[in-house]
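Line by line, the protein sequences give chains A and B. The first sequence maps to residues 1 to 400 in our numbering. The second sequence maps to residues 401 to 800 in our numbering.
Please keep in mind that the hints were generated in silico from the structure rather than gathered at the bench. Treat the hints with care, since some could be wrong.
Stated by the list, open to error - Partial chain A-side listing against chain B, Cβ under 8 Å, derived: (1) ALA47; (2) PRO68; (3) TYR184; (4) LEU202; (5) VAL264; (6) PRO268; (7) THR344; (8) ALA348; (9) LEU353.
As the list claims (entries may be wrong) - To be clear about the criterion: a stretch of chain A counts as covered by chain B if any three or more of its residues have a C-beta under 8 Å from a C-beta of chain B, and this derived list gives those stretches: (10) 38-46; (11) 323-332.
As the list claims (entries may be wrong) - Derived pair list, reagent style DMTMM-like, types lysine to aspartate or glutamate, alpha-carbon separation capped at 20 Å: (12) LYS313/A with ASP336/A; (13) LYS481/B with GLU561/B; (14) LYS481/B with ASP329/A; (15) LYS253/A with ASP329/A; (16) LYS481/B with ASP335/A; (17) LYS81/A with ASP735/B; (18) LYS653/B with GLU669/B; (19) LYS81/A with ASP729/B; (20) LYS653/B with GLU794/B.
Ideal Cβ placement from N, Cα and C applies to all residues, glycine included.
There are 2 protein chains.
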Amino acid sequence: MGPARFLITSRDGLARTGLLSTPHGVIETPAFVPVATRAAVQVLSAADLQRAGFQVLITNAYHLHLQPGEEVIRSLGGLHKFMGWSGPLMIDSGGFQIFSLGSGRMQGVGKVGKGNRGDGDRPLSNSGSKSSLVRLDEDGAEFVSYLDGTRHRFTPESVAESALALGADLIMALDECTSPLDSYEQTRAALERTHRWALRSLEAFRPRAPKGPALFGIVQGGDYEDLRRESARFIGGLDFEGVAVGGALGTSKAHIRQVLEWTVPGLPEGKPRHLLGIGWVEDVLTAVRLGLDLMDCVAPTRLARTGTFLHKKEKRFRLRIRNREFRLDPRPVEDDCPCPTCRTCSRAYLRHLFMAGEPLGFHLASVHNLFFMEALMASLREAIREKRLGLWIEDFLTKK
Amino acid sequence: MGPARFLITSRDGLARTGLLSTPHGVIETPAFVPVATRAAVQVLSAADLQRAGFQVLITNAYHLHLQPGEEVIRSLGGLHKFMGWSGPLMIDSGGFQIFSLGSGRMQGVGKVGKGNRGDGDRPLSNSGSKSSLVRLDEDGAEFVSYLDGTRHRFTPESVAESALALGADLIMALDECTSPLDSYEQTRAALERTHRWALRSLEAFRPRAPKGPALFGIVQGGDYEDLRRESARFIGGLDFEGVAVGGALGTSKAHIRQVLEWTVPGLPEGKPRHLLGIGWVEDVLTAVRLGLDLMDCVAPTRLARTGTFLHKKEKRFRLRIRNREFRLDPRPVEDDCPCPTCRTCSRAYLRHLFMAGEPLGFHLASVHNLFFMEALMASLREAIREKRLGLWIEDFLTKK
Numbered sequence: 001m002g003p004a005r006f007l008i009t010s011r012d013g014l015a016r017t018g019l020l021s022t023p024h025g026v027i028e029t030p031a032f033v034p035v036a037t038r039a040a041v042q043v044l045s046a047a048d049l050q051r052a053g054f055q056v057l058i059t060n061a062y063h064l065h066l067q068p069g070e071e072v073i074r075s076l077g078g079l080h081k082f083m084g085w086s087g088p089l090m091i092d093s094g095g096f097q098i099f100s101l102g103s104g105r106m107q108g109v110g111k112v113g114k115g116n117r118g119d120g121d122r123p124l125s126n127s128g129s130k131s132s133l134v135r136l137d138e139d140g141a142e143f144v145s146y147l148d149g150t151r152h153r154f155t156p157e158s159v160a161e162s163a164l165a166l167g168a169d170l171i172m173a174l175d176e177c178t179s180p181l182d183s184y185e186q187t188r189a190a191l192e193r194t195h196r197w198a199l200r201s202l203e204a205f206r207p208r209a210p211k212g213p214a215l216f217g218i219v220q221g222g223d224y225e226d227l228r229r230e231s232a233r234f235i236g237g238l239d240f241e242g243v244a245v246g247g248a249l250g251t252s253k254a255h256i257r258q259v260l261e262w263t264v265p266g267l268p269e270g271k272p273r274h275l276l277g278i279g280w281v282e283d284v285l286t287a288v289r290l291g292l293d294l295m296d297c298v299a300p301t302r303l304a305r306t307g308t309f310l311h312k313k314e315k316r317f318r319l320r321i322r323n324r325e326f327r328l329d330p331r332p333v334e335d336d337c338p339c340p341t342c343r344t345c346s347r348a349y350l351r352h353l354f355m356a357g358e359p360l361g362f363h364l365a366s367v368h369n370l371f372f373m374e375a376l377m378a379s380l381r382e383a384i385r386e387k388r389l390g391l392w393i394e395d396f397l398t399k400k
Numbered sequence: 401m402g403p404a405r406f407l408i409t410s411r412d413g414l415a416r417t418g419l420l421s422t423p424h425g426v427i428e429t430p431a432f433v434p435v436a437t438r439a440a441v442q443v444l445s446a447a448d449l450q451r452a453g454f455q456v457l458i459t460n461a462y463h464l465h466l467q468p469g470e471e472v473i474r475s476l477g478g479l480h481k482f483m484g485w486s487g488p489l490m491i492d493s494g495g496f497q498i499f500s501l502g503s504g505r506m507q508g509v510g511k512v513g514k515g516n517r518g519d520g521d522r523p524l525s526n527s528g529s530k531s532s533l534v535r536l537d538e539d540g541a542e543f544v545s546y547l548d549g550t551r552h553r554f555t556p557e558s559v560a561e562s563a564l565a566l567g568a569d570l571i572m573a574l575d576e577c578t579s580p581l582d583s584y585e586q587t588r589a590a591l592e593r594t595h596r597w598a599l600r601s602l603e604a605f606r607p608r609a610p611k612g613p614a615l616f617g618i619v620q621g622g623d624y625e626d627l628r629r630e631s632a633r634f635i636g637g638l639d640f641e642g643v644a645v646g647g648a649l650g651t652s653k654a655h656i657r658q659v660l661e662w663t664v665p666g667l668p669e670g671k672p673r674h675l676l677g678i679g680w681v682e683d684v685l686t687a688v689r690l691g692l693d694l695m696d697c698v699a700p701t702r703l704a705r706t707g708t709f710l711h712k713k714e715k716r717f718r719l720r721i722r723n724r725e726f727r728l729d730p731r732p733v734e735d736d737c738p739c740p741t742c743r744t745c746s747r748a749y750l751r752h753l754f755m756a757g758e759p760l761g762f763h764l765a766s767v768h769n770l771f772f773m774e775a776l777m778a779s780l781r782e783a784i785r786e787k788r789l790g791l792w793i794e795d796f797l798t799k800k
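Isolated chain A (complex conformation) (with noise of 0.2 Å):
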């Protein structure tokens, strides 16, 4: 931790641009990631990406584990040589989905006030309760697999020592992610477990070498305020080289506001912060502001095989091309965007696409909304760098 890894190069209110060094290159922050679940983000090839601008995908541990499994990838040279990818990875660690497949699934609520965090874009059916999927205990977890109903342990040493023989650069620790139907005495007990589980995920991960992989601890509490800020201190006063913030965010923006309202201050000022899970534009602008580093989010390409663009002027920053209104419209979806799609195609074309069930329109729409990402976040550190984020997120929010 410290200068080394993470250089804070500028500040605007509680907003930073930083510079993260990690094994595989060095990351400009606020960044957006990516999600890879399985080592793939959608149909976007490693060129698509790399062409797309972005510095840093997630990957998910739990889902490696089951498929294609840690063995294949290992004896492939590692997650980066596997996918194709040569810039820094990032790997989430099973957390959430001890509470999709466990809780969430039992309290049929899903995703319901959850940022999607790991499970790419192939929602659990959240429709009805039903069994649990996960045995939860204090060494660990269990998971039976939804692909052969084989069982799985997953503990916070497994974790840690399965993410660093993956080869990833950024690792997060196992932590265990409640629901936003739990009480507060289970949402308590959960964060007292993440807490000692941190505590094993560190105790794990070393001997490790100061510039190698980095392990980010979790902090979680619900949408309880004594519980997200001693969970930010306990979290943020460990040997981590970076902290995120992960569970439920409640179920409004401005609940996910308020979270990290109470959560960022407990952090330290030198370490890099990631949401997990969070990255509807409206987030991204909030979490940003809050002094938020990193954030990923399935949201871009979930909203691509709709048929929903990002655009900087529509209201909730959404286009649906699938409107008659752009059924003759030889317009581009956004006049200066820069990326494959709005260089090359009408919404005209893009409208028939979707109409036709053709599945380039998932490609071509994918491909616009992480461009439009990578240049929101390049706006709100050129913002930050300038001093003038507060005025440019009102400007972007009004232009509407």
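Got chain A; can you put chain B on it based on the hints?
Using the frame of chain A, we list chain B on its own:
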């Protein structure tokens, strides 16, 4: 017609290389034509197809009429501008849909014995017999839209005029494509109607510019020798600028060859010859050897969807990436393939993508399979120019 349009540049036996001039550029033949039924080739962008070296795509008048409709494409500046493809475009007529939505649907045969002409990668259901969605009469064909039940009339005149209005370069006349289950009498009746429609198509196509779009007449006749010979002579003798071989070509490789051996001798030497809906690797070799110049097929992307990669040395030229033997295989699909997929991905990674149901697998397999086809055509052209086609094919077939 004639040297100004199609120039034969070398010959080897019946095979030939040529240069086919169109309003949007010159096509080196023999050429494989990817299928863009609804103005899109599955998940590949126009830029991907240009990178793969393709010279010409084939769209479908029937499908584009229903979705998005000619008026949309025209108002966007024509088919080229609409789909972002600046090279030559071929357009099929809807003759195949007369079969597939008519007798094919009633007989429950779907695509049996057919080379999948013009329905992209979305096969119609062929389970059991259904009512016809086409009513045929001497004037033309009336289709019930599969989208909204509306009725649409296609005549030889309307198809030729619509293709001209869309700006297509190489235009198939409307034909009546028969089912392989049709009797001799039914096949003869359809052939005779196809011939009468050919005359009407030619009439509707005038006055045309000498360097404008070219109209292709279509040879029918099922798998009856005398009908094929008669149709080849009749269509070949008309003032079309190109000739296409359509209809049921039999259910085996040997049968396709037989039908072509009956057909080709009746065709004029100097006109380009297109084979509709045929494009398995073995069929391409047969067609080129017998003097065909162009051929289209959905096979490369249809195989890609199931994780089947074209491969020079594998049995039937197919490598099924889901096979367990590739689980840890660090090699590219083909060692010497210059496609982006082979340059960046191991077999183990590609297998993982298909096992995990990641849509990137389909994209990467489509890219490889289309590069494979284009490289195959380039090799065939070179072998013809060097007058060693027979040996080249023998080597290609036995090196497996």
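Quick rundown of the hints versus the structure:
no. : hint                   : in the structure
1   : ALA47                  : holds, 7 Å
2   : PRO68                  : holds, 4 Å
3   : TYR184                 : violated, 38 Å
4   : LEU202                 : violated, 31 Å
5   : VAL264                 : violated, 35 Å
6   : PRO268                 : violated, 37 Å
7   : THR344                 : holds, 4 Å
8   : ALA348                 : holds, 5 Å
9   : LEU353                 : holds, 6 Å
10  : 38-46                  : holds (count 9)
11  : 323-332                : holds (count 3)
12  : LYS313/A with ASP336/A : holds, 12 Å
13  : LYS481/B with GLU561/B : holds, 19 Å
14  : LYS481/B with ASP329/A : holds, 13 Å
15  : LYS253/A with ASP329/A : violated, 33 Å
16  : LYS481/B with ASP335/A : holds, 17 Å
17  : LYS81/A with ASP735/B  : holds, 17 Å
18  : LYS653/B with GLU669/B : violated, 24 Å
19  : LYS81/A with ASP729/B  : holds, 13 Å
20  : LYS653/B with GLU794/B : holds, 16 Å
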